[in-house]
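Peer 1: One line per chain: the protein sequences are A and B, in this order.
The first sequence: position 142 = 142 (the numbering used here), numbered continuously.
Just so we're on the same page, the numbering used here is the position in the second sequence counted from 1, plus 1000.
The hints are simulated quantities; they were obtained by calculation from the structure and are not laboratory data.
Possibly wrong hints are sitting among the right ones.
[Claimed, not checked] Interface residues of chain A toward chain B, partial, derived using beta-carbon atoms under 10 Å: (1) Y162; (2) V236; (3) K242; (4) P249; (5) G273; (6) E317.
All values derive from a computational prediction rather than experimental measurement.
Using N, Cα and C, we set each Cβ at its ideal position, and we do this for glycine too.
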Amino acid sequence: METKTKKRTGPVIFSGYERGTAIKKALSMNREDILLEIRESKLRGRGGAGFPTSTKWMLTAAALSDEKFIICNADEGEPGTFKDRVLLIEYPELVFDGMVIAGYTIGAQQGIVYLRGEYEYILKPLQDYLETMRNDNLLGKDILGKKGFYFDITVFLGSGAYVCGEETALIESLEGHRGEARNRPPYPVNTGFMGKPTIVNNVETLATIPHIIVKGSEWYKKFGTGKSSGSKLFSVSGDCEKPGVYELPWGTKISELLELVDAKNTKVVQVGGASGFCYNKKHFDRALAYEDAATGGSIMIFNASRDMLRVLDNFMEFFVDESCGQCTPCRIGNVKLLEGVKMIQKGEYTFSYINKLKELGKSMQVASKCGLGQSSPNAFISILESFSEEIFASQNGGTNEN
Amino acid sequence: MLVEEKNAMTEEIEQLIKKFGKKRSSLLSILHEIQTKQRHISEYAQQEIARLLDIHPVEVYSVLSFYTFLNANPKGRNLVRICRTISCDMKGKDNIVRAIERELDVKIDQTTSDNKFTVEYVNCLGLCDEGPAMAINDQVFTKLTPEKAVKLLSKVK
């Protein structure tokens, strides 16, 4: 496990922050003013979907209930994503302060961090950190002297299920059920954990909040593009000299990122993980932003030597394994797409069948119940279309193996 | 299972319920604790959890069978999980797997004859910048080479 070294720099999240300062400022503000500040900042969810954070908060704040919850989604399971690991290990103060501010703003008493089972080694450090916050009156009763404001945070450990990153599946899991997505509506903002109004925010979204509170929405909006304000953490892996987590303003071009991480001879960049899209050389001038190449932060780089069919095979194996099996398009669709990949590998395919599978993929995108099945065909369709020459020419109607 | 073992198990579950509360939302936390301690959740444990939480045993099995890190059947004393996702794959996870398979004389998803190790694949461990990666129980190891991986295993008791 990494040691706690704070040498990262970046425009927003890595711009330096002292624990508790944002909570102190927020407690001196009206709840409405906090909501307006966040609305002004145009902050959008960092898990990938990009839903406006202030809308989620406002709806939860407006919901009438004696109990409300703040959930931090730390079920970071998308292949190629590891930014939340870095935030939780190196910057827990940002995440937890963000949760406390959310709790104050919407009137919640309890925060829950849903930590993926693969990160069990972070559990103890997080619990210890929460204890220091309790000792410093940043959690518990009358936080920082604010009479009547009670808020506490617990950490819940997941047990290895990618689908639990979907917010309603996550809530099901917290309630002690199989992690199967719910029908929406109703949305968690009014019917969430235990049927109570609940905010589910990504780790990175929450970690951004303290900076917006301390430095203001005008400062925050200086970074990024009009539709994608602020910065984003990118988890970079694959064929490059300097993999790792980078904080860059939204609107950064793929080519700029490749240069930064010292990637050479790059053939393709997979943006958004296994459920994202592939971008070949022609598209390297595209911008990383919600309105262009949108992403939850996973950037996987493949150089010219990589076999894209093997990449696709790896992705489809992943989805077949992780589909929860609740709805038919996802449960059966992913198996069929994987079979298609194997057929191409063996050279036992027909183009008409592959085209049918692409159609099936499109059906899955609309018919699946949650984001898993809606996005799992992305890679299948985008890789086969972007690399049809490479994939089908090399297969040449059959390989020697069979 | 001996009567003594059964009683000990029941007592353990009762204590966990006291700790987490007698409610459905405690189920995963209870399962996780039993899994960590016993390395599996036996049929008897499932029935006792169900009885003490006042839910049907099928509910308990249904939940535990959903999650990758919970299992009803015993595995080896140490669990070795090798990340199979593409970033680790590109950094040479196949060589790691083959070296471990040779060294321990097992295949993926098998347990060694002395019951010391079970070797499995795992989906993305979130260590893509430091691959290839693997986990031995709840500890993670990165930037592996076949030699380093085997050496790590030799240190496990």
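Peer 1: A separate judgement is required for each hint: does it hold in the structure or not?
Peer 2: Outcome of the hint check:
A cut of 10 Å between beta carbons decides the hint on Y162 (chain A): the least distance to chain B is about 6 Å, and the hint holds. Checking V236 (chain A) against chain B by beta carbon gives a least distance of about 7 Å; that is within 10 Å, so the hint holds. Here the hint on K242 (chain A) is kept, as its CB sits about 9 Å from the closest CB of chain B, short of 10 Å. With a least beta-carbon distance of about 21 Å to chain B, the hint placing P249 (chain A) at the interface is violated under the 10 Å criterion.
Contact between G273 (chain A) and chain B, as hinted, is supported at the beta carbon level, the nearest pair being about 9 Å apart and thus within 10 Å. This hint holds: E317 (chain A) has a C-beta 8 Å from the nearest C-beta of chain B, less than the 10 Å allowed.
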